[in-house]
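Single-letter residue listing:
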Amino acid sequence: MRGATALLFRSELKQQLRGSTGMALMLAVPLLLAPAMVVGGAFYKQTIAPPDAAEGHEGTSRSVRAVAMPPSLAAALVDSDGLELAEGTLPTEGPLDPVLATVTLKDGVAEVRYRPDVSSSRDAAKRLRRVIKRYSRRQVRDQLEAAGLPRRTAELLEIETIDRATEAARAGGQAGALVPAVLLLVLLVNCLYASADLVTGEKERGTIETLLSTPLDRRAIVASKFAVVLLFGVGSALIALAALYVSTLVAPVLAAKAGLAGLTAGGLLALVGVSTLLSAQIAAITLLLAAWSPSYRAFSMLSMPVMLVLMIPAGLPALPEVELSLFLAITPIANACVASRDLLAGTAQGGAITLALLSSAAYAAILLGFAWRLLGREDVLLGSMTARRRTNRAREAMIVGLIGLVLVWFFGQLVQSIDLAWGLAGTQILLIAGLAVASLAVLHQPLAETCSLRRPSSTNLLLAVVAGLCLPMLGGVVAQLQAPFVAMPEDFAREFAEQIRGERSLGLTLLLVAVLPAFCEELLFRGAILGLTRGAWRNGVRVLVVALLFGLFHLMAARIIPTAALGLLLGFATVRSRSLWTSITMHGINNGLGVLTLYLMPDWQPGWLLLIGGSAVCVAAVAAMQEAE
Amino acid sequence: MIEVDSLVKAFGGDPPKLAVDSLSFRAEPGQVYGLLGPNGAGKTTTLRMLATLLTPDSGTARVAGHDIRSSPEAVRASIGYLSGNTGLYGRLTAREMILYFARLQGVPEPERRTDRLLYRFGIDDYRNQRCDALSTGMGQKVSIARAIVHDPPVLILDEPTAGLDVLVSQTLLEFVEEAKDHGTCLIYSTHIMSEAERLCDRVGILHEGRLLAEGTPEELKEQSAERYLESAFIHFVRAASR
Chain W
1 MRGATALLFR SELKQQLRGS TGMALMLAVP LLLAPAMVVG GAFYKQTIAP PDAAEGHEGT
61 SRSVRAVAMP PSLAAALVDS DGLELAEGTL PTEGPLDPVL ATVTLKDGVA EVRYRPDVSS
121 SRDAAKRLRR VIKRYSRRQV RDQLEAAGLP RRTAELLEIE TIDRATEAAR AGGQAGALVP
181 AVLLLVLLVN CLYASADLVT GEKERGTIET LLSTPLDRRA IVASKFAVVL LFGVGSALIA
241 LAALYVSTLV APVLAAKAGL AGLTAGGLLA LVGVSTLLSA QIAAITLLLA AWSPSYRAFS
301 MLSMPVMLVL MIPAGLPALP EVELSLFLAI TPIANACVAS RDLLAGTAQG GAITLALLSS
361 AAYAAILLGF AWRLLGREDV LLGSMTARRR TNRAREAMIV GLIGLVLVWF FGQLVQSIDL
421 AWGLAGTQIL LIAGLAVASL AVLHQPLAET CSLRRPSSTN LLLAVVAGLC LPMLGGVVAQ
481 LQAPFVAMPE DFAREFAEQI RGERSLGLTL LLVAVLPAFC EELLFRGAIL GLTRGAWRNG
541 VRVLVVALLF GLFHLMAARI IPTAALGLLL GFATVRSRSL WTSITMHGIN NGLGVLTLYL
601 MPDWQPGWLL LIGGSAVCVA AVAAMQEAE
Chain X
1 MIEVDSLVKA FGGDPPKLAV DSLSFRAEPG QVYGLLGPNG AGKTTTLRML ATLLTPDSGT
61 ARVAGHDIRS SPEAVRASIG YLSGNTGLYG RLTAREMILY FARLQGVPEP ERRTDRLLYR
121 FGIDDYRNQR CDALSTGMGQ KVSIARAIVH DPPVLILDEP TAGLDVLVSQ TLLEFVEEAK
181 DHGTCLIYST HIMSEAERLC DRVGILHEGR LLAEGTPEEL KEQSAERYLE SAFIHFVRAA
241 SR
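Protein sequences, first through last, are from chains W and X. Sequential numbering of the first sequence, starting at 1, is according to our numbering. Sequential numbering of the second sequence, starting at 1, is according to our numbering.
None of these hints come from the bench; they were simulated from the model. Don't take each hint at face value.
[Said to hold, decoys possible] For each label pair, taking beta carbons as the anchor points, the in silico distance ranges come out as:
#1 W:170 with X:133: 53 to 59 Å
#2 W:362 with X:177: 38 to 44 Å
#3 W:511 with X:240: 46 to 52 Å
#4 X:198 with W:362: 56 to 62 Å
#5 W:297 with X:166: 33 to 39 Å
#6 X:201 with W:448: 53 to 59 Å
#7 W:13 with X:177: 55 to 61 Å
#8 W:448 with X:29: 56 to 62 Å
#9 W:624 with X:201: 56 to 62 Å
#10 X:129 with W:325: 23 to 29 Å
#11 W:454 with X:166: 40 to 46 Å
#12 X:133 with W:301: 29 to 35 Å
#13 X:227 with W:539: 49 to 55 Å
#14 W:28 with X:198: 51 to 57 Å
Beta carbons are placed, not taken as given, at the ideal position from N, Cα and C, and that holds for glycine.
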């Protein structure tokens, strides 16, 4: 297999190198991006960046108007660098001149007025505050001296902060905030193009079928394509790093202004390893994407949102408070970005960097494994020509889900803000169940059949009751696991229940929080949306997608994962039993137990044993469900 | 040489669509077996299963003595596969394309074999021209050369003349006749009846995955009491659709 892989690799590399677009992207993007970063960065720092960044440098003068000013303060203001005292009266109403900050002295209070939305005004106010503080301190000192008291009488301790960071570390940190973004952008552009050409393009041009008709092992095909994409990624990353370094040499002044003065050959060399691992992750992701896409059109539609999501971690190195913690070190892509910054700044911790490198390698291997499996599937390799038969209803199901999200966000929240209880009832009945029924009517799909509204067997119903009783434990386990990263606001559930309860009875609360959501949400999610995707995707994928949608639907970051986990169980219950009533039963019992606990045992916290045991029983009950037909 | 035994293939969906339903036939060396059928009859799926690009749901086939399920690589080494979907690498030259596949197939002295095929198909003058710059006819000739570069005992041709002009089609048909005389076993799928009448020793009529009728073109005409193979084909398909 090694010989075949090498032969394939050589030929595919030759073809890629002959492609003018691929070569242009590999060379032009990094070569043009480096000077663009230097020039753009310098321009940004000089003209757009907030005044904090310019503090300490010679700045432009800021106009200040002062009224009722003691002559000594006026003199201090006049003497101060960057402040220009203007005469005139103070505008009491309306906006201030952008470069204006005003100060009024009244009863020992210096009132500084400025425009926080205008950087020059913000800057002037900041300088004013500093000058006034210094003036005030000097006045106190003079008065103490005149009274024959020690200078420290009014202020026992003065705080003096000393920046001990070396110039190299500071500069490296600044450069580290920018370089990962350049690397990620260059990698994404090149890996996306190479993957599209080598996989989606081969499917579209039919050459993949030509290749598959030879005695080659499919693993050799995947390995060679991955190697070419990886090489293009690494190649472009190296060109980008070299271009950045050369830019700092040929334009040192601009590079310093852009915060890239800290780039050293040693620091950049240290990035080569990280870039390779980052390339491996990106190459595997883009190969997966290309393997999944039946055509260039589909690939380009998919790649844009994926690229945007993958670019998010590029912003992390710019945040000084973000450190390479244990969690971040095992977060794909983000770990390589932050590790790059730390390596450039010389602040990298050996353990964290090693963990980041190892986890990056592991992610690349896992993703490659997925790509391998995906490219081994005949429907994926031969695309729509072999075609597992797809229905267009999956797309419509996703549109229904998105419409649901929009309706709940805009109208659901509006009516709930007027009256929470009746707003919830209206949201459930009109916006959620109504949407399910209306969308199936518009799509001419039979309600009962699409939503699996058929009677479950008594065994499945019993299992649903058991699963429903244990479902809160599963939610609890997931909530506990995510707590270190995304914590549920304290007392959220109780406040929510109290709001719902108000002066109403327990029965009405159960109706609003347990019964209605069980019927209405299940009708939309496990009924209409899951039903519409039937035959389009594998059951596992359908259930997962609908569960994620269900999680998002709860409109709160801390609830997305726990509710998505519940959604997974509810989805599998529907699919396995082929009856929506099982998930309605589970959902109703789960919510009902939540309400009862809050009413009867508000301080009860289940232990880990109960949480894990209950979750296991819940999963086992759903797994034991059998198809009714 | 080719023994197809109760092949079944369904594609996903709810319910799954049966593309090939219990298909069985047999083809011998030096024989052209024609698969005739309208679009969606299951011809391409059948040929892809024989080329081991698809795995059958049930049933099996032996190609050049190798089982498509247990020895797919040996099967692929014994076949030349050409279809409307088997494309060329546009950034390789005609010579590089054939040479590349000669090497992938493990052909001894691949350069010599490549040069011989370039000459044999009259594409020697275009040897250094990139495949994306070749005309459709020249491209198809390169495809044929690519498919037979390892001199396979079995050729699977899926609508090979689709989209070709009369002259290039003629070259291809002559090549099929030559390969047949050479003792190669050919499976030839088409819906052009004149090609089937000219080339095929035996013909199987496929419709909705099922083999409706099988025999020599003469036998099929006789069974259907029709004068032409085209009429016989229509006769069988209409009878099955009723």
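Quick rundown of the hints versus the structure:
For residue 170 of chain W paired with residue 133 of chain X, a C-beta distance near 56 Å keeps the hint of 53 to 59 Å intact. In this structure, residue 362 of chain W and residue 177 of chain X break the distance hint of 38 to 44 Å, their C-beta atoms being roughly 58 Å apart. A hinted range of 46 to 52 Å for the beta carbons of residue 511 of chain W and residue 240 of chain X is inconsistent with their spacing of about 59 Å. With their beta carbons about 60 Å apart, residue 198 of chain X and residue 362 of chain W fall inside the hinted range of 56 to 62 Å.
Here the CB-CB span from residue 297 of chain W to residue 166 of chain X is close to 34 Å, well matched to the stated 33 to 39 Å. A C-beta distance of roughly 55 Å is found between residue 201 of chain X and residue 448 of chain W, which places it inside the suggested range of 53 to 59 Å. For residue 13 of chain W paired with residue 177 of chain X, a C-beta distance near 40 Å fails the hint of 55 to 61 Å. For residue 448 of chain W and residue 29 of chain X, the Cβ-Cβ distance of about 58 Å falls inside the hinted range of 56 to 62 Å, so the restraint holds.
Checked against the given bound of 56 to 62 Å, the beta carbons of residue 624 of chain W and residue 201 of chain X, roughly 58 Å apart, stay inside it. Between residue 129 of chain X and residue 325 of chain W the beta carbons are some 58 Å apart, a value that contradicts the proposed interval 23 to 29 Å. For residue 454 of chain W and residue 166 of chain X, the hinted distance range of 40 to 46 Å is not satisfied, since their beta carbons lie about 59 Å from each other. A C-beta distance of roughly 30 Å is found between residue 133 of chain X and residue 301 of chain W, which places it inside the suggested range of 29 to 35 Å.
About 53 Å separates the C-beta atoms of residue 227 of chain X and residue 539 of chain W, a value consistent with the hinted range of 49 to 55 Å. Hint check: residue 28 of chain W to residue 198 of chain X, Cβ distance near 54 Å, so the stated range 51 to 57 Å holds.
Of the hints listed earlier, those the structure fails to meet are numbers 2, 3, 7, 10, 11, in rising order.
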